[in-house]
Structures are given as structure tokens and as C-alpha cells.
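Taken in sequence, the protein lines are chains A and B. Heads up: the first sequence begins at 1 in the working numbering, then just goes up one per residue. Heads up: the second sequence begins at 1 in the working numbering, then just goes up one per residue.
These are computed hints drawn from the structure, not numbers from a lab. For each residue, glycine too, the CB sits at the ideal point set by N, CA and C. Every clue listed holds true.
List time: in silico SDA-like cross-link candidates among lysine to any residue, alpha-carbon distance up to 25 angstroms:
| # | chain 1 | residue 1 | chain 2 | residue 2 |
| --- | --- | --- | --- | --- |
| 1 | B | Lys123 | A | Val11 |
| 2 | A | Lys19 | B | Arg224 |
| 3 | A | Lys15 | A | Glu54 |
| 4 | A | Lys66 | B | Arg99 |
If the Cβ cut is set under 7 angstroms, some of the chain A residues that face chain B in the computed set are:
| # | residue |
| --- | --- |
| 5 | Val45 |
| 6 | Leu49 |
| 7 | Asp65 |
Short, incomplete list of chain B residues facing chain A, as computed with Cβ under 7 angstroms:
| # | residue |
| --- | --- |
| 8 | Pro126 |
| 9 | Gly152 |
| 10 | Arg221 |
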Amino acid sequence: MDNATAFGKVVTIIKPFVKNAAALGSASDSTRIIEDLGVNSARLVDIILAFEDEFGIEVDDESADKVRTLGDAVQMIVLKTAPAH
Amino acid sequence: MLSKRDRVGLRVQEAVSHAMVLLTYPWLWAWMRWRGYRIPGLSRVRAEFEAQAGREPGPLLVCANHMTLVDSLVIQWAFGSAWRLLLVPRAFFWNLPDRANLSRRTWIRVLGYVGKCIPVVRKASPEETRRTLDKIGYLHGRGQSILVFPEGGRSRIGRVDTENFSYGVGRMIQDTPGIRVLAVFARGAGQHEFSDYPRDGERFVIRLRRLAPVTSSAGMRGARDLATQIVHALRDMEVEAFETAGVDR
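Between the sequences and the hints, there should be enough to build the whole structure, so can you do that?
This is the structure we're talking about:
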């Protein structure tokens with residue numbers, strides 16, 4: 001999966017949890033999920049679990065803790081969905 | 001893994017809190033009286049706590065709804081006398097207040113320390129969250145009791161909030177397999193919405209129920225399952241209290 005596709009899907013998944021919708025409209029890889037988009041930190045878990053369901057991946061606690069920006073989420077998803085060599 | 005510094009710090013705080021209980025508890029009692037707070041059927045509530053969770057040793061996680069800044073004081077008062085807390089240290093619950101609330105004044109910080117408070121940071125970094133969970137796991141490993149508010153803060157909707165709650169309580173249960181869980185519903189009869197303090201002269205309704213939350217999932221999904229079961233149990237207890245205890249809606 002390429003970064004642009006993953007980014008679009010990430011934005012779609014995060015949208016229902018976002019309090020600052022304007023920030024989502026101009027979001028980039030460096031947009032911080034909690035601070036910039038106003039996502040409740042407790043809901044970050046729901047978002048990670050939604051990633052698992054949408055992309056068929058497993059995210060351990062350590063990987064989840066590293067997701068702070070949209071770019072972090074995209075990177076994690078692209079890595080975890082990449083075919084094994 | 002909790003650092004040695006944190007472990008020693010908790011042991012010292014535990015010893016100091018225990019040594020001071022005959023000073024702090026009368027202060028709590030006097031303050032409750034001064035505000036005119038009452039718990040009808042207090043001896044029955046204490047007997048019920050003893051029957052459901054007090055007599056049995058081992059770690060205990062007390063999960064309560066949250067409406068005011070002094071809920072933990074009300075619950076501690078409801079479940080044990082000064083002598084009980086002196087003779088059975090585990091009956092004196094650890095608390096996890098928001099550091100911002102505890103840092104307002106020096107005397108509040110001192111009371112928090114001797115009141116077995118572990119200040120937590122809202123929206124903490126993953127590292128800080130892990131450290132707090134490790135402290136909780138360490139205390140549970142020593143058979144201590146911890147009072148938490150699974151909603152993660154005072155409910156903004158005037159009811160147990162089953163939509164916006166934290167999953168941290170689920171992680172605490174995962175960290176200590178076999179831990180006993182006690183759900184506590186505590187609310188002033190005239191409390192309509194969240195506030196710093198209950199109104200003067202408030203009469204508190206206390207309900208408690210042993211829970212055995214289970215999940216077949218691990219990790220974050222499991223934590224969410226466990227936390228959801230607890231918050232829903234609190235919501236059910238609230239409904240029951242509204243119907244049977246004369247709590248204002």
C-alpha cells in the first residue's frame with residue numbers, strides 16, 4: 001500500500017473522533033493526532049483498533065505508543081501491510 | 001519495570017500514610033461533619049464492604065463513578081473507620097488524582113501524600129502512563145487496594161458516561177491477573193452534575209458490587225473489553241440507585 005492511499009484511509013478512520021475538523025481539512029503527515037486534531041487520548045485506542053480491523057494488522061502496545069502524528073500512523077500501516085520477502 | 005527509586009518512594013509513602021492515619025482520618029471525619037455530609041446506613045455499607053471485599057486479602061481494584069473532587073474521600077469514609085485503616089493497611093486505598101488538582105496548594109499536596117495519592121498527568125506520554133501503571137502493578141503485587149475512576153475524570157453529563165471513558169482500568173486488570181474488582185456507585189442525593197464539592201448537608205447513596213470482568217482478547221482490545229464491562233456495571237448500579245434510593249435525576 002502506498003503512503004497516499006494509507007493517508008486517505010487513516011483520515012477517514014480518524015474523522016469521527018476529531019474535535020478540530022478544520023485541522024483535519026489541512027492535515028499533513030506532521031499533524032499531531034491529540035494536540036492538533038483534538039482527539040481524546042482515550043479514543044486513540046479505538047483508532048488503533050480500527051486500524052487493525054481495516055488493514056488486517058496487529059498493533060502491539062509499543063507500536064501504538066509511537067503513533068503521535070498522522071505520518072506515524074501511515075508509516076506503521078505501510079510497514080505492517082508490506083508483503084513479506 | 002518500576003525503578004528502585006519509585007519502589008522505595010511508594011514504600012516510604014505507605015509507611016508515612018499509615019503512621020499518620022490517626023491524624024488524617026479525624027481531619028477527614030471533622031471536615032465531613034463540618035460540611036454536613038452524611039452516609040445513611042453507614043454501618044450497613046461498611047459491613048457490606050467487609051463481606052464483599054474487605055476481609056479477603058490480596059490486591060483489590062475499587063472502581064467508582066466520578067462526580068466531584070472529593071469522591072475518593074467519601075468512599076474511604078464509607079468503607080472504613082480510623083481503627084480499621086490503622087489495623088488493616090490495605091483498607092486504606094491508594095488514589096490516582098489528577099496532578100493539576102493536587103498541585104493547587106502546598107497543604108493539598110501534603111494531604112495528598114499522607115492520603116496515599118499518586119498524582120497522575122492527564123494526556124500523559126506513553127512512558128509516563130507506563131510508569132503509572134507499573135506503580136499500580138507494584139502496589140497490587142504487595143496486596144494493596146487502589147481506588148480508580150474508570151471514566152477517567154468527572155462525568156460531564158451528570159450520569160455515568162458510557163461513551164467517553166478511559167481504558168486504563170482494563171490495563172490495570174490485565175497487569176494483575178486474578179485481581180479482585182469492586183464496583184462502587186457513590187453519589188450525593190442532590191448532585192445533578194459534576195462539581196468540585198458536593199453541596200453542604202449532602203446525603204450520599206453508596207452501592208457496591210463485586211465484578212468478575214473477563215475477555216478473550218489481549219492487548220488494547222482486551223483492555224477496552226474489561227473497561228467497558230466495568231463502566232456498564234456502574235451505569236446499571238446508577239439506574240438502580242435512581243429507581244430505589246431517592247437520588248435526584
